[in-house]
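Listed in order, the protein sequences are those of chains D and Y.
Using the working numbering, the first residue of the first sequence is number 3, and each one after it goes up by one.
Using the working numbering, the first residue of the second sequence is number 14, and each one after it goes up by one.
If you're looking for bench data, these hints aren't it; they were derived computationally from the structure.
Note that the structure is a prediction, hence the values are computed from the model and not measured.
Please note that the accuracy of each hint is not assured.
[Unchecked claim] Pulled a few chain Y residues facing chain D out of the computed Cβ check, cut under 7 angstroms: (1) 30; (2) 51; (3) 62; (4) 116; (5) 122; (6) 125; (7) 144; (8) 145; (9) 172.
[What the hints assert, rightly or not] If the Cβ cut is set under 7 angstroms, some of the chain D residues that face chain Y in the computed set are: (10) 51; (11) 54; (12) 55; (13) 67.
[To be verified] Residues from chain D that keep clear of chain Y, each with C-beta distances beyond 12 angstroms, as calculated: (14) 28; (15) 155; (16) 195; (17) 223.
The beta-carbon is built from N, C-alpha and C at its ideal position, and this holds for glycine as well.
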Amino acid sequence: MNRDCQHVREVMDSYLSEELSVETNHGVLRHVAECRDCAAELKRRQRLRTLLSETLDVAVDADRVRARITHAVDREQRSWVRVARLGVVAATLVIAVAVAYLAGRRVDAAAYDDSAADHIACALAYPEGTAYDPNRAAQNLVPPFEQIVDVVGLSHGVYHVIDAHMCPFKGRNYAHLVIRGEGQTLSLFAERAGRGALPATPTTVLAGDALDVHATARLGYWISAVAMRDYRVFLVSERPTNPPDLAQDILRSAVRFVHGLEK
Amino acid sequence: MFGLPHQRREEFDRAALVHVPELLRVASRLCGSADAGEDLLQETYLQAWRSFHRFEAGTNCRAWLYKILLFTYSAQNRKRARQPILVDLDAAGETALLVDAPTPDTLTAEAVKAAFDRLPENFRTVVLLVDVEGLTYREAAEALNVPLGTVMSRLSRARGLLRVELARHAPESSTAARCGMDPFAQRRVRS
Chain D
3 MNRDCQHVRE
13 VMDSYLSEEL
23 SVETNHGVLR
33 HVAECRDCAA
43 ELKRRQRLRT
53 LLSETLDVAV
63 DADRVRARIT
73 HAVDREQRSW
83 VRVARLGVVA
93 ATLVIAVAVA
103 YLAGRRVDAA
113 AYDDSAADHI
123 ACALAYPEGT
133 AYDPNRAAQN
143 LVPPFEQIVD
153 VVGLSHGVYH
163 VIDAHMCPFK
173 GRNYAHLVIR
183 GEGQTLSLFA
193 ERAGRGALPA
203 TPTTVLAGDA
213 LDVHATARLG
223 YWISAVAMRD
233 YRVFLVSERP
243 TNPPDLAQDI
253 LRSAVRFVHG
263 LEK
Chain Y
14 MFGLPHQRRE
24 EFDRAALVHV
34 PELLRVASRL
44 CGSADAGEDL
54 LQETYLQAWR
64 SFHRFEAGTN
74 CRAWLYKILL
84 FTYSAQNRKR
94 ARQPILVDLD
104 AAGETALLVD
114 APTPDTLTAE
124 AVKAAFDRLP
134 ENFRTVVLLV
144 DVEGLTYREA
154 AEALNVPLGT
164 VMSRLSRARG
174 LLRVELARHA
184 PESSTAARCG
194 MDPFAQRRVR
204 S
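Bound-form chain D, shown alone:
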């Protein structure tokens, strides 16, 4: 076996696999046309390859296995769809909870109505000449509102607190300060934030504080609302106080109390 034979034997299998360049391919063909030994070896290798394919050919039921695989992929796909759907539901729930949480830090529109209605039903029912009784207030206020009168203060100019109590109303439970002066009754409500949203644009900013004040009219009363982290404060009045800053002063004192709770 000369060097040409050796080279051809080295590339013979690649020739059978059709992996040679055109030039090398021609070289193999030219050589085996002249070399009987290499031509015989080429035939034997071709025969070996044929026998390999025949011997290793396994009888398979490809259609049945394809159907089995299709079914498995179907099942996998459905499970992913279920996971995706659950994901969407979970995401929606998370968003809903987040929205509810954020909304809870604001005041819903119904809270204005409730505040006005509660003011009419509760505060206006106090007879003329009612004086503040600290013992009665202490009995009626519950945590964390026991100190609210102390912080807000009994008097703001000509306005005086005449009572303080917890006021359950339509499923909510306000701390309710009834304040009188200038021939009108004010209601100061403080409650834990739980629901709703304020109008998009505040009407003013609480003087001396960065908090937005959202004011609106309901049932003939003027209502100012402030939403804080965990609480909401409402001040209901029949008309503006004189001076107008007095109402802001009362509201600010309630905010100061809530700030203390939130610390």
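Chain D is fixed; fit chain Y onto it per the hints.
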């Protein structure tokens, strides 16, 4: 890249399922039984479906599937038991001997199968892919996740070993027996 889920599924069915027959043959050969081959192939296709979003349309889906098949197979093997580590033949000495090894005159299906079964596993795999299933060297390299040169050298040695194995067990009159070639007499190859 396949926008909607049903488009992705249609593309998967079109591009991948067509290769079930040949992959099933290879899987069955690798596992040694049709049942185990079916299980391996199903797992292969599930893996392929899960990662089909990474498959680039227009590239070689066949080689990609082979790659997943072989990866899944080796992963299953690793789970079952630690396999003996293949000791490659010494490239300098024995490769030349194997390349020159002549093919015996007398070949029978039984002898070929027996010789094939005696090859180390990674040699069997590359012969199975290229010489039996007709993958190109490049496809085999992609499927085995090795460089092209590794496929070529592995094939060269696998084919040489196959011929030597056939010669060892061939009748006395056969070519290799006459030449007295038996590298295994000095050194066994572990699979």
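For each hint, the structure was consulted:
1. 30: holds, 6 angstroms
2. 51: holds, 5 angstroms
3. 62: Residue 62 of chain Y check passes; min Cβ-Cβ to chain D is 5 angstroms, inside 7 angstroms.
4. 116: Holds - the Cβ of residue 116 of chain Y comes within 7 angstroms of chain D, reaching about 4 angstroms at its closest.
5. 122: Residue 122 of chain Y check passes; min Cβ-Cβ to chain D is 5 angstroms, inside 7 angstroms.
6. 125: Cβ of residue 125 of chain Y sits 4 angstroms from chain D, so the hint holds.
7. 144: At 6 angstroms from the nearest chain D Cβ, residue 144 of chain Y passes the 7 angstroms test, so the hint holds.
8. 145: At about 5 angstroms, which falls below the 7 angstroms cut-off, the nearest Cβ of chain D leaves the hint on residue 145 of chain Y intact, so it holds.
9. 172: holds, 5 angstroms
10. 51: Holds - the Cβ of residue 51 of chain D comes within 7 angstroms of chain Y, reaching about 6 angstroms at its closest.
11. 54: holds, 6 angstroms
12. 55: For residue 55 of chain D, the interface hint holds, since the closest Cβ of chain Y sits about 5 angstroms away, which is under 7 angstroms.
13. 67: holds, 5 angstroms
14. 28: Non-interface label on residue 28 of chain D holds, nearest chain Y Cβ at 20 angstroms vs cutoff 12 angstroms.
15. 155: At roughly 65 angstroms from the nearest Cβ of chain Y, residue 155 of chain D sits farther out than 12 angstroms, so the non-interface label holds.
16. 195: holds, 42 angstroms
17. 223: The claim holds: residue 223 of chain D sits with its nearest Cβ about 56 angstroms from chain Y, beyond 12 angstroms.
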